[in-house]
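Based on the provided sequences and hints, a complete structural model is requested.
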Amino acid sequence: MRGCVTPIWRGVFIGRWLPLLIIVLFASLSLAQDASRTLSSGVPVTATLDAENPAQVYNFTASTGDSVSLAIAADDGLILTAILTDGQGNIIGQATDSAASGQVLLAGVEIPTTSIYYVTVFPASGVENATEGNFTLTLLIASEGSTEASSPEVTAQPEVTPESTASVATVAPEAFSVGQTILSNGGIQADLRWNSDDDLNLQVRDPAGETLFWDSRITNSGGTFGFDVNGLCEVLTAVDNVETASWPVGPVATGSYEVLVYYRQSCGDTSDPVDFTLDISVNGVPLAPVVGNVLPPLPGTDSVYITSFTIADDGSVAAGLGGPYVDTRILDVAPADLIEQATQSLTIETPVTGTITNDQPYQSYRFDGTSGQAISISMTRDLGSLDTLLLILDSAGNVVDGNDDIEVPINTNSALNLLRLPATDTYTIVASRYGKTVGGTEGTYSLIVSGQTSLVLPQEVVNLNLPQGDIQITLTWNTGADLRLLVRDPALNSIFNDEPTSPTGGRLQEVGNLNCTPSLSTTPVSYIYWPPGLLRIGSYEVDVFHRNECSDTTPVTFNLYVSVLGQLVFTQTGTLTLGQRYLTSFNIADTEGNTTFNDGGLISDSTALNYQADLASAVSVVTDQRVTGTITNDNTFDLYTFEGQAGDVVTISLNNSNGNLDPVVYLVGPSSIEIANNDDSNETTNSLISSILLTEDGNYTVIATRFGAQFGGTTGAYNLLLRIDRP
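Numbering (numbering that gives the first Met the number 0), first residue to last: 0 to 726.
Keep in mind that the hints are not guaranteed to be accurate.
[To be verified] Now the in silico label distances, taken between C-beta atoms and shown as ranges:
1. Thr627 with Gly267: 35 to 45 angstroms
2. Ala46 with Asp326: 33 to 43 angstroms
3. Asn128 with Asp268: 33 to 43 angstroms
4. Leu231 with Asp613: 21 to 31 angstroms
5. Gly267 with Ala395: 13 to 23 angstroms
6. Ala335 with Ile115: 28 to 38 angstroms
7. Asp381 with Leu231: 31 to 41 angstroms
8. Ile347 with Thr570: 39 to 49 angstroms
9. Gln571 with Val398: 28 to 38 angstroms
10. Val241 with Pro298: 21 to 31 angstroms
11. Asn634 with Asp268: 25 to 35 angstroms
What the hints contain is simulated information worked out from the structure, not anything from laboratory work.
Every residue gets a Cβ at the ideal spot worked out from N, C-alpha and C, and that includes glycine.
Take a look at the structure:
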């Protein structure tokens, strides 16, 4: 123990501190009404000592029998003393940083009477000491009956066996909170040890959800992470490797700490597992070592070992389960148990709340769904460290779908968006956490099921009784302007006012204010649809063009709605000015109507591509050289460069060689100014820049892309041919 507690009845040091106590008493009384000086249990405060503030005084209220602890962390070289007094100035506890460690701990002082009490902090006397600096003070009040953490009880590490069963429930505990306790004999330390030149990573998540690992080296609670051994395989060591995460002596969060061992990458040619040992100690008491191994990760997967330990409010420590991480959709409990205990039924748009803990890693709910129904389910952490995981089972116990993180590593909440139910059935929605039974995160959550409804259209549009279809694209807007709707199907057929039908069955039903002829409805509407039975898998582009203001200068706001198999899958609201075009695209993946959307935006020129960052990797070409490439939703453009001279005449062709790609080509000069571009040449969708006279010497850039670039939906292979005629 770094500090010492001196109750007043021992009579030690009173004479030495008597002059100071008089000062403290008057200072305490003068500050009694200052709300900023009032301490709250578990809430740290930071203060400064200097010539104007040689001491800092705080107050708090405590009740008879309460156990009060104080923890102070000071700047290097600042050795502090803390004194605890009652309202009459009587000392009931004091501590000094006698080891010059930068830490002062006054632990387990019993409160004799319900009253206001004062804490005074000042530089210790009698030692070589700084008189100025900063410190952080934390007060912890434990009600009568709790115990300060001086000798924690340690529970042995349990093993995961096939007989291990997790609790499954739908009723949450009455309350969940993250508390604090004082560790006086030692802090928390987790050491990962291994003997190979592979890149293993240690990660520890505390009960409040803060994380220590190689890319998050400190927490607000005082946690620190040490050296990243073999990080990125840059500096390698093969023996006695240690990575450490630790919290110092003083206040720490109570609850579950999750410890993860990641096999990040092999730094050699081996495919062998790597053995490791986890040494964890709490308050100076070691837990049983955790010994295991991790395999090299397969592409696109993580190889992780998970365990945990729990610090109780009284400072006792219990080791948690341990084992390898299994895939999101693999259960470590019997599906029948989850289904049986799903007694609470969920209804659309009615949220529920629950709690996931080490004793209760699963909660399950019932939901009655119909074949083809599209629903969305979201599970969001409310309190604690909970890293949510969401699953849905059918009545036979099969996993229909699941999600761990919405966006790794940014958003660890879980969601299933626009899930189309495969059959009319009673489904079980399972709320859990990363790692499931062997996981270590805990907390409360909110869960809601949202159902897709019919298109939300203005009533006057609904009154038009537009025909229903497998695919429905509806455009509405708010002015007398002439907006044009064009949809291009997977076969590159365009449906618009000049081509109102397509061979795939698409039909233009409404045309809005075409040629400035006012729409029959108060709200202008354009409508393109594919009748029932004509659903076609593939990519669709939706193009909205502001053709004419029609003497109405009111700013145009449009609303775009897309539904597939009767379910709304996309909505977009935007603004357009004269001549602007909005483009988006979507892909229907299967006959069930599962649909994904690409980003949408205004069509522009080459400056909108942000291609400059990729110029260093552009491919150099010469005259009469034919090159090939592929445009996808993940690779929306390719770059080529060539050396040109003033007087050269350049021709560039970009032709589709496979897929439904609608090529577009740009030519950019040495000054980064676009010289020419082409979308469709002649009667085809291929592109041709023909006989362009170059006016300067230098390096020219050719951009091969597609109509709409990053917002387009066509994909496929192409060939590009450059020809330079030089005088």
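Here's how the hints hold up against the structure:
no.: 1; hint: Thr627 with Gly267: 35 to 45 angstroms; in the structure: holds (36 angstroms)
no.: 2; hint: Ala46 with Asp326: 33 to 43 angstroms; in the structure: violated (50 angstroms)
no.: 3; hint: Asn128 with Asp268: 33 to 43 angstroms; in the structure: violated (57 angstroms)
no.: 4; hint: Leu231 with Asp613: 21 to 31 angstroms; in the structure: holds (23 angstroms)
no.: 5; hint: Gly267 with Ala395: 13 to 23 angstroms; in the structure: violated (45 angstroms)
no.: 6; hint: Ala335 with Ile115: 28 to 38 angstroms; in the structure: violated (59 angstroms)
no.: 7; hint: Asp381 with Leu231: 31 to 41 angstroms; in the structure: holds (36 angstroms)
no.: 8; hint: Ile347 with Thr570: 39 to 49 angstroms; in the structure: violated (18 angstroms)
no.: 9; hint: Gln571 with Val398: 28 to 38 angstroms; in the structure: holds (33 angstroms)
no.: 10; hint: Val241 with Pro298: 21 to 31 angstroms; in the structure: holds (29 angstroms)
no.: 11; hint: Asn634 with Asp268: 25 to 35 angstroms; in the structure: holds (30 angstroms)
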